[in-house]
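Novice: Listed below, chain by chain, are the residues.
Protein chains: 2
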Amino acid sequence: MTDQALADLTRRLPELRLLTDAGDLEHYGRDWTRRWTPAPLAIALPASVEDVQGIVRWANEYKVAVVPSGGRTGLSGGAVAAHGELVLSLERMNRVLGFDAVDRTLTVQPGIALEAVHGAAREHGLIYPVDFAARGSCSIGGNIATNAGGIRVIRYGNTREWIAGLKVVAGNGELLDLNRGLIKNSSGYDLRQLMIGSEGTLGIVVEATLRLTDPPPPSQVMLLALPDMDALMQVFALFRRKLSLQAFEFFTDVALKHVLAHGAQRAIDGEHPYYVVTEFDAPDERAHEAALAAFEQGVKQGLINDGVMAQSDAQAAALWRLREGITESLAPHKPYKNDISVRVSAVPAFLHEIQALLTREYPHIEVVWFGHIGDGNLHINVLKPVSLSDADFITQCEHVTKLLAQTLQGHGGSISAEHGIGLVKRSYLESTRSLQEIALMRGVKQVFDPNGLLNPGKMFP
Amino acid sequence: MTDQALADLTRRLPELRLLTDAGDLEHYGRDWTRRWTPAPLAIALPASVEDVQGIVRWANEYKVAVVPSGGRTGLSGGAVAAHGELVLSLERMNRVLGFDAVDRTLTVQPGIALEAVHGAAREHGLIYPVDFAARGSCSIGGNIATNAGGIRVIRYGNTREWIAGLKVVAGNGELLDLNRGLIKNSSGYDLRQLMIGSEGTLGIVVEATLRLTDPPPPSQVMLLALPDMDALMQVFALFRRKLSLQAFEFFTDVALKHVLAHGAQRAIDGEHPYYVVTEFDAPDERAHEAALAAFEQGVKQGLINDGVMAQSDAQAAALWRLREGITESLAPHKPYKNDISVRVSAVPAFLHEIQALLTREYPHIEVVWFGHIGDGNLHINVLKPVSLSDADFITQCEHVTKLLAQTLQGHGGSISAEHGIGLVKRSYLESTRSLQEIALMRGVKQVFDPNGLLNPGKMFP
Chain Z
1 MTDQALADLT
11 RRLPELRLLT
21 DAGDLEHYGR
31 DWTRRWTPAP
41 LAIALPASVE
51 DVQGIVRWAN
61 EYKVAVVPSG
71 GRTGLSGGAV
81 AAHGELVLSL
91 ERMNRVLGFD
101 AVDRTLTVQP
111 GIALEAVHGA
121 AREHGLIYPV
131 DFAARGSCSI
141 GGNIATNAGG
151 IRVIRYGNTR
161 EWIAGLKVVA
171 GNGELLDLNR
181 GLIKNSSGYD
191 LRQLMIGSEG
201 TLGIVVEATL
211 RLTDPPPPSQ
221 VMLLALPDMD
231 ALMQVFALFR
241 RKLSLQAFEF
251 FTDVALKHVL
261 AHGAQRAIDG
271 EHPYYVVTEF
281 DAPDERAHEA
291 ALAAFEQGVK
301 QGLINDGVMA
311 QSDAQAAALW
321 RLREGITESL
331 APHKPYKNDI
341 SVRVSAVPAF
351 LHEIQALLTR
361 EYPHIEVVWF
371 GHIGDGNLHI
381 NVLKPVSLSD
391 ADFITQCEHV
401 TKLLAQTLQG
411 HGGSISAEHG
421 IGLVKRSYLE
431 STRSLQEIAL
441 MRGVKQVFDP
451 NGLLNPGKMF
461 P
Chain R
1 MTDQALADLT
11 RRLPELRLLT
21 DAGDLEHYGR
31 DWTRRWTPAP
41 LAIALPASVE
51 DVQGIVRWAN
61 EYKVAVVPSG
71 GRTGLSGGAV
81 AAHGELVLSL
91 ERMNRVLGFD
101 AVDRTLTVQP
111 GIALEAVHGA
121 AREHGLIYPV
131 DFAARGSCSI
141 GGNIATNAGG
151 IRVIRYGNTR
161 EWIAGLKVVA
171 GNGELLDLNR
181 GLIKNSSGYD
191 LRQLMIGSEG
201 TLGIVVEATL
211 RLTDPPPPSQ
221 VMLLALPDMD
231 ALMQVFALFR
241 RKLSLQAFEF
251 FTDVALKHVL
261 AHGAQRAIDG
271 EHPYYVVTEF
281 DAPDERAHEA
291 ALAAFEQGVK
301 QGLINDGVMA
311 QSDAQAAALW
321 RLREGITESL
331 APHKPYKNDI
341 SVRVSAVPAF
351 LHEIQALLTR
361 EYPHIEVVWF
371 GHIGDGNLHI
381 NVLKPVSLSD
391 ADFITQCEHV
401 TKLLAQTLQG
411 HGGSISAEHG
421 IGLVKRSYLE
431 STRSLQEIAL
441 MRGVKQVFDP
451 NGLLNPGKMF
461 P
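Those protein sequences? They're chains Z and R, same order as listed.
The first sequence begins at 1 in our numbering and counts up one residue at a time.
The second sequence begins at 1 in our numbering and counts up one residue at a time.
Heads up, a few of these hints could be off.
Pairs involving identical chains hold if they fit within one copy or between any two copies, as the list cannot separate such chains.
[Unchecked claim] Below, computed lysine to any residue pairings styled on SDA-like, alpha-carbon distance capped at 20 Å:
hint, residue 1, residue 2
1, K257, K402
2, K334, R17
3, K334, D281
4, K334, D100
5, K242, I127
6, K402, L453
7, K384, F132
8, K242, D3
9, K242, H124
10, K242, P218
11, K242, R360
12, K63, H124
13, K334, E366
14, K300, Q409
15, K242, P217
16, K402, R104
17, K242, D284
18, K242, E61
19, K257, R240
Hints are computed from structural coordinates only; laboratory data are not their basis.
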């Protein structure tokens, strides 16, 4: 039956590339999570919107589940295909379709890498400001599916703010052309906004029109060493008051240890429990002076132990590497990841509570923290001890995540700040969304995907 | 039956204020449109979230339609109650509930006026940047219902960008607490975004958490006189390149005539077909020089006839009045209003087409144009000749709007940029949204409001 279905698919869409080799099934059947064994039916690589529509119509006839697939850099299992689904990879649809200088928009196919978007914008003297470490591998379609955030949210907001239009193939194969690049459009429900962050469960993005903006003024990068956790938000408040921040990222001494072992260069001597990398506008001497004044005030108040200001682009990149290299440096330790957020004002109390929780629940396990503290977003990486089996490790981490979810609920936080729910967090969704909200979400899913074929099993508990 | 239903409502909710006097029914039964005869069942003025929930639950039992009502400054009939609906006025729920300095958010009840929000933000040294002429009367709940835009969109975006959290009573009376002020939250569909711009058809906003931001640097206001329509977008491009714009608004000589007759003061002598009021950052001498250089370049290129730069706050206010006073000055002429948008890049071609259309179709009728040209948003006001009956006038205008809708469709534009669809534009929705999109919207409506009691007859064709 499935052979016949695939044969029919190939017959209908002669331009479609279809892969069924074991190696391809494994490669395309998983994302950066490593918890599930890939087992897709086949991999379809369409090169046109019409072929994406054809695949979805075919899937409805044969009742085959479809997993939309971009760069598969996701950390929540949103692109995992472990149950005979058809993986619909958008990697062949990776072109820039157009640039408009008056609208200041770039229209792209969904499979284009974020870094290629950055490059295309720069060619026109503009920027696409959403940015994070996976830029070279992640696709813009995946960014939209998770409403990706990253390291510049404090200045530019999330992906959501930069989407002027979306073309989407809905669950019945119909093509929706949502908002078409308009700045103002108060004509019915904004389905574009509903699509953003829906993790491929409502439709498949086949084209996106991205807003671009002017490059920021020249900036300056600074690394700060802090004496304790309480200093973090105080230094943030101090720097936000005095400077125009582009980024404000923190990590711990444990994170530093890993990234240094992975080849990054130490920039501040001595032992300090917390570090901050911050980047801010520095168009003139005044901004430099303001940064120094903020730094000195922080030192005087005992909030900052030490610091270094980048003296060149190379040094700025080296300081950034201390933060951006963390994820890669942890990968060999098969980390279990939490990606959580609370309101910025709730961060101090929340940090204390979860530090106590993690110390208590992971007594013999290394826990690495870092994140976008200015957005209230924390990444917790729990490193698997070599002595523990994968299964036992996951069981223990899921137990702690349940407790963490309760703490989050108490603070009105979110179990997923920017990675999405996918498979990894669906059993914790109820800590962030009420039962009524989840019921409404199910209703919405039913409207867009009546046969429940788009990324089934993801997001919903 | 209805008497009994109202008696039951009063019995259930003793704190509720319920009005049934003819004067009240008329006052609360309409908005700034004047096309429908108000005929609500009664006016309910709740003072608490619980009472709003009680009203919606009661409405479901008695199958009474509910029209949510804010400042009723709407121009699309979204708050009109002409068919025995219960008007749910939020005017008693008009308080500031809280301010958070770290989150930089202001939490308010929905009935608060936009101007009061501005004031509350200013008390804390911050601004809520959405702004438009109806600020003194419109409510924040209504702003959210239409995703209100206004005169600062070019700099700050629409209302949507400034909503950090919403509490909403859904169609079954359940209270939803959407996003809770989080900056990053990738945990399921963003129902907050779906609510924004839904014109009271999916739920009733009972609380909003608004993001605030730093005040802009000192600004400068300039009035420009332009020789022709083609100059408009060229001057916009020139000024956008040289300055950091906060607003860029245009109007015609006909609009000027009306606002001058209404008491505004002439600022530029002579006859000119087009005018622009622009406001831009002017923190230092450099910005002033850049503005003068842009102006001189415009004059040299024949794009600008004349101009005046405000020399005081009072003069800046006087220049702004030339633009902001237009709507009020036209009111006695019972204008028929179109509020349309296209992509900014499509403006020049679109302007030519519709100028030809309006000249042809309204040969003996005065048409006043103005709008937010930097957002691609045009307001067209057609003034009723005294000799024409209201009904004949509307018939003629609706005929032209049909043609206008076709032209918009050709340019990928929107039949409502910022006023919403309401009653006025629902028969034109299909020019902006595809049949598939409208079917999905109906499906979503059904999920949130299964009995179809929230603002029925609005938005949908």
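Novice: Compare the structure with each hint and give your call.
Specialist: Hints versus structure:
For the identical chains of this complex, K257 and K402 are neighbours neither inside a copy (28 Å) nor across copies (67 Å), given an alpha-carbon limit of 20 Å. Proximity of K334 and R17 under a CA criterion of 20 Å is satisfied in neither setting, with 33 Å inside one chain copy and 61 Å between copies. Neither within a single protomer nor between protomers do K334 and D281 lie at most 20 Å apart by alpha-carbon distance, with minima of 37 Å and 50 Å respectively. Taking the shortest Cα distances, K334 and D100 never come within 20 Å of each other, neither inside one copy (44 Å) nor across copies (39 Å).
Only between protomers do K242 and I127 lie at most 20 Å apart by alpha-carbon distance; the minimum there is 18 Å, versus 25 Å within a single protomer. Taking the shortest Cα distances, K402 and L453 never come within 20 Å of each other, neither inside one copy (29 Å) nor across copies (39 Å). Taking the shortest Cα distances, K384 and F132 never come within 20 Å of each other, neither inside one copy (25 Å) nor across copies (56 Å). Taking identical chains as interchangeable, the C-alpha atoms of K242 and D3 are never at most 20 Å apart, the minima being 64 Å within one chain and 62 Å between chains.
Taking the closest pair of Cα atoms, K242 and H124 come within 20 Å of each other only across two copies (17 Å); inside a single copy the shortest separation is 32 Å, beyond that limit. Taking CA atoms no more than 20 Å apart as the test, K242 paired with P218 passes in both settings, with 17 Å inside one copy and 18 Å between copies. For the homomeric pair K242 and R360, neither the shortest alpha-carbon distance inside one copy (38 Å) nor that between copies (58 Å) is at most 20 Å. Within a single copy, K63 and H124 get their C-alpha atoms no closer than 45 Å, and across copies no closer than 57 Å, so neither meets the 20 Å cut-off.
Taking the closest pair of Cα atoms, K334 and E366 come within 20 Å of each other only inside a single copy of the chain (12 Å); across copies the shortest separation is 72 Å, beyond that limit. Taking the shortest alpha-carbon separations for K300 and Q409, neither the intra-copy value of 37 Å nor the inter-copy value of 63 Å comes in at or below 20 Å. Within a single copy, K242 and P217 get their C-alpha atoms as close as 16 Å, and across copies as close as 15 Å, so both meet the 20 Å cut-off. Proximity of K402 to R104 under the C-alpha cut-off of 20 Å is found in neither arrangement, the shortest distances being 44 Å within a copy and 30 Å between copies.
With identical chains, the CA atoms of K242 and D284 are at most 20 Å apart both within one copy (14 Å) and between copies (19 Å). Neither within a single protomer nor between protomers do K242 and E61 lie at most 20 Å apart by alpha-carbon distance, with minima of 60 Å and 56 Å respectively. Taking the shortest Cα distances, K257 and R240 never come within 20 Å of each other, neither inside one copy (28 Å) nor across copies (47 Å).
Checked against the numbered hints given earlier, this structure breaks hints 1, 2, 3, 4, 6, 7, 8, 11, 12, 14, 16, 18 and 19; the rest are met.
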